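Novice: Residues per chain are reported as follows:
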Amino acid sequence: MSAQSSENRVAQAILNGYLAVFFLYMFAPLIVMSLAAFNAYDYPSVTQWRGWTLKWFSALAEDDRILIGLQNTVVVALGVIVISLPLGLAGAFILTRLQSRWTGLLYAALVSPILTPGIILGISTLIFWRNFDVPGGLFLTVLAQSSFIASYSMLLFMARLQRQDRVLEEAALDLGGSNLLVFRRITLPFLYPTIATASVIAFLQSIENYNTTVFAIGGDWTLVTEIGSRFRFGLSPVINVIGVIFVVLTVVAATLYAYYRERERKRVLAIELELRAMDRQARLAAKRRGPEADETAVPLPARA
Amino acid sequence: MNELLRSYGRGLTGLFVGLTIVWLAVLVIVPQAMMLEQSLWSKERGSEISLRIDRAYTELETAKFDLAGDLAPDKKAELEDAVSRLEAEIAELEAQEQDPPKVYGLQNYTKMSGLHFNIFVKTIAYAALVTLLALVVCYPIAYAVAHLSTPRKAALLLLGLTIPYAINELLRVYAWLMILDYQGVINSFLAAIGFVSFEAKTWVPFLEYSGSVFVAMIYAYILFMVFPIYNTLETLDRNQIEAAKDLGGSIWLTHRRVVIPHAKPGIAVGCIMTFMLSAGSYAVPQIMTRGKSGDWFSQLIYRQFFESFNWNVGAAYSFTLLIACIVFIFLMMAIFKVGIRDIAK
Chain A
22 MSAQSSENRV AQAILNGYLA VFFLYMFAPL IVMSLAAFNA YDYPSVTQWR GWTLKWFSAL
82 AEDDRILIGL QNTVVVALGV IVISLPLGLA GAFILTRLQS RWTGLLYAAL VSPILTPGII
142 LGISTLIFWR NFDVPGGLFL TVLAQSSFIA SYSMLLFMAR LQRQDRVLEE AALDLGGSNL
202 LVFRRITLPF LYPTIATASV IAFLQSIENY NTTVFAIGGD WTLVTEIGSR FRFGLSPVIN
262 VIGVIFVVLT VVAATLYAYY RERERKRVLA IELELRAMDR QARLAAKRRG PEADETAVPL
322 PARA
Chain B
350 MNELLRSYGR GLTGLFVGLT IVWLAVLVIV PQAMMLEQSL WSKERGSEIS LRIDRAYTEL
410 ETAKFDLAGD LAPDKKAELE DAVSRLEAEI AELEAQEQDP PKVYGLQNYT KMSGLHFNIF
470 VKTIAYAALV TLLALVVCYP IAYAVAHLST PRKAALLLLG LTIPYAINEL LRVYAWLMIL
530 DYQGVINSFL AAIGFVSFEA KTWVPFLEYS GSVFVAMIYA YILFMVFPIY NTLETLDRNQ
590 IEAAKDLGGS IWLTHRRVVI PHAKPGIAVG CIMTFMLSAG SYAVPQIMTR GKSGDWFSQL
650 IYRQFFESFN WNVGAAYSFT LLIACIVFIF LMMAIFKVGI RDIAK
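Each protein sequence line maps, in turn, to chains A and B.
If you read the first sequence in this note's numbering, its first letter stands for residue 22, the second for the next number, and so on.
If you read the second sequence in this note's numbering, its first letter stands for residue 350, the second for the next number, and so on.
Check before you lean on any hint, since a few could be wrong.
[Said to hold, decoys possible] Derived Cβ-Cβ restraints for the label pairs, each shown as a range:
no. : chain 1 : residue 1 : chain 2 : residue 2 : range
1   : B       : Q445      : A       : L126      : 36 to 46 Å
2   : A       : F44       : B       : R355      : 51 to 61 Å
3   : B       : A474      : A       : S250      : 25 to 35 Å
4   : A       : K308      : B       : A592      : 56 to 66 Å
5   : B       : L464      : A       : F153      : 30 to 40 Å
6   : B       : L420      : A       : D154      : 51 to 61 Å
7   : B       : Y458      : A       : S79       : 44 to 54 Å
8   : A       : W123      : B       : R652      : 22 to 32 Å
9   : A       : N37       : B       : L464      : 41 to 51 Å
10  : A       : R206      : B       : R690      : 26 to 36 Å
11  : A       : Y62       : B       : I398      : 52 to 62 Å
12  : B       : G688      : A       : R71       : 51 to 61 Å
13  : A       : V269      : B       : L505      : 10 to 20 Å
[To be verified] Residues from chain B that keep clear of chain A, each with C-beta distances beyond 10 Å, as calculated:
no. : residue
14  : F414
15  : A592
16  : P610
[As the list claims (entries may be wrong)] To give a feel for the contact side, a few chain A residues facing chain B, derived at Cβ under 8 Å:
no. : residue
17  : V42
18  : F44
19  : L119
Keep in mind the hints are simulated off the structure, nothing from the lab.
Given the structure is predicted, the values throughout are model-derived calculations rather than measurements.
Glycine included, each C-beta is placed from N, C-alpha and C at the ideal position.
This is chain A alone, in the form it adopts within the complex (with noise of 0.2 Å):
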């Protein structure tokens, strides 16, 4: 029993040091380049320190491609919501009711795009494109972007609707309800949550995609293919005040996200406990009347 418990002693000892060298790992090279931001050096260094300042800040502010891909990328990333969600909401719906033998197959070919590199979503785009004159541009990126992230949208869409109880649905059809209104009263707001999820999804996807981008954009140039193409032309700190942005905020979103749950954690424990309270009152009121009036105290089920 104690060369066991020595035995996990040690594991946990192990695993812990793997844990920090596995964290250190992955922060070290995004502090490493947070800090060449503050940097006076003329190229992207903590090495060669010029001293701290903040001029990398005001000519980000200036860089007028970086600006226009910044607005490219949004309208880009908008697109993409438009159209990626009601083709995998559309998708969702049919696979989650169809009952076929082919539904395997439209599955798989509605899942494909997810498991297809990105570059080959991007070549396929603009050689099917090229039929009919369209060249690479922001349009071909929204389009060829939404191949896959509806697959992701349908996803999220179907694990909701395979939670959804019907009962409901049926219910109002029964009542009369015709097809439109059920749809718009209950199975839309039911959906509702998802939804936001998946238009957050579909932005960062879109925002931060690049493989598919790069072979869609043509002349054009979003965020990150700028970045792309700074790397062969001209690197300067610029890029990293860009870094510094972006972890900044994915710092502040994912510790409010942590907090907001941690917060909503506590609320339901909070509820709990003082239904737990009540229950406990209720049931020393009806103690105190008499164990004939027992009945009257609704005993409340042990979680909420």
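Given the coordinates of chain A, assemble chain B onto it according to the supplied hints.
Specialist: Same frame as chain A, now just chain B:
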């Protein structure tokens, strides 16, 4: 189909079916089919045709020269005939030279040079190695986050995993460029302890080794391995692990017989995603070589499209990459005995 019609009526069902068909056709199937079609033909602008044009021009000149001389009427008519015939032939040949006919065949695939084929094999081998290493590195992490931590600590660890995940792939890789650069962090460290000297230019040229692409790639895609495995491990009942331990199973045996079998779908998804991303990665090799060179198959494809403007060969190379990825997916499904439904979750 009946169930759909009953829940949503004709109009909405029609809309859903229509949207799905448009999605499949316009965004997925037809573009892929066209890429395949494009890869199966080429336009040969052979030297033979221009030789024939030159010869026709010479004949035409001779005939015209003869015409200018003193000739019998029948001879003259014959020569005039020859001139108009030659002129028609030249016009036709020149049209052909401008727009040569499509020649269908596998030539775009079979023409792949030894160098390009080596790059293809190297890319696939590297991608497989990246996948394997990522699996080895990530499995303990996913297990630790899912099972060995208190809920609070697990939430913190997940947060730590999400932050690098949310930062752009290019910027994540860029951080490694700074570390491995000539005067980067590692070389400066080596100089500080006297291993290399900047004056004597004896620094280690990490970026010239293809291994640097490899290191950055593991870094860039490691989290696509962690999350799928974590998701499946999270659903494993902790009592099963306890039971295995109580029955005297060692840590190794418990993992081999209880935890890993449960995590199979997650491992399969993680491997497929990591392999697909690394085999098809354009960003990582492009940045690690600062866009100057780099022999990753995706860069070769990019050059076929945007530098050689040979879309047919580019399409053939893309299709080859796609086939490699599909083969890998089926391989994983066979090894881990999972279906397509388990995969995309």
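Novice: Next, verify each hint and record whether it holds.
Specialist: How the hints compare with the structure:
In this structure, Q445 of chain B and L126 of chain A meet the distance hint of 36 to 46 Å, their C-beta atoms being roughly 44 Å apart. Between F44 of chain A and R355 of chain B the CB atoms are about 52 Å apart, so this pair conforms to the stated range of 51 to 61 Å. Checked against the hint of 25 to 35 Å, the pair A474 of chain B and S250 of chain A passes, with Cβ atoms roughly 29 Å apart. Against the hinted window of 56 to 66 Å, the Cβ-Cβ separation of K308 of chain A and A592 of chain B comes to about 42 Å, which falls outside the hint.
In this structure the hint that L464 of chain B and F153 of chain A lie 30 to 40 Å apart at CB holds, the actual value being about 35 Å. At about 52 Å, the beta-carbon gap between L420 of chain B and D154 of chain A stays in the expected band of 51 to 61 Å. In this structure the supplied range 44 to 54 Å holds for Y458 of chain B paired with S79 of chain A, their Cβ-Cβ distance being about 52 Å. For the pair W123 of chain A and R652 of chain B, the supplied restraint of 22 to 32 Å is violated, since their beta-carbon distance comes to about 40 Å.
Between N37 of chain A and L464 of chain B the beta carbon distance is about 47 Å. The supplied range of 41 to 51 Å therefore holds. Roughly 32 Å separates the CB atoms of R206 of chain A and R690 of chain B, a value that falls within the hinted 26 to 36 Å. At roughly 58 Å, the beta carbons of Y62 of chain A and I398 of chain B sit within the given window of 52 to 62 Å. Look at G688 of chain B against R71 of chain A: about 58 Å separates their beta carbons, and that is inside 51 to 61 Å.
Range check, V269 of chain A to L505 of chain B: Cβ separation about 19 Å, and the 10 to 20 Å hint holds. F414 of chain B, annotated as away from the interface, keeps every beta carbon of chain A farther than 10 Å; the closest lies near 46 Å. With a cut of 10 Å on Cβ distances, A592 of chain B stays outside the contact zone with chain A, its closest approach being about 14 Å. With a least beta-carbon separation of about 20 Å from chain A, P610 of chain B lies farther than 10 Å from that chain, consistent with its non-interface assignment.
The interface hint given for V42 of chain A is violated, since its Cβ lies 10 Å from the closest Cβ of chain B, which is over the 8 Å cut-off. Taking 8 Å as the C-beta cut-off, the interface hint given for F44 of chain A holds, the closest approach to chain B being about 6 Å. Given the 8 Å rule on beta carbons, the hint for L119 of chain A holds: about 6 Å separates it from the nearest Cβ of chain B.
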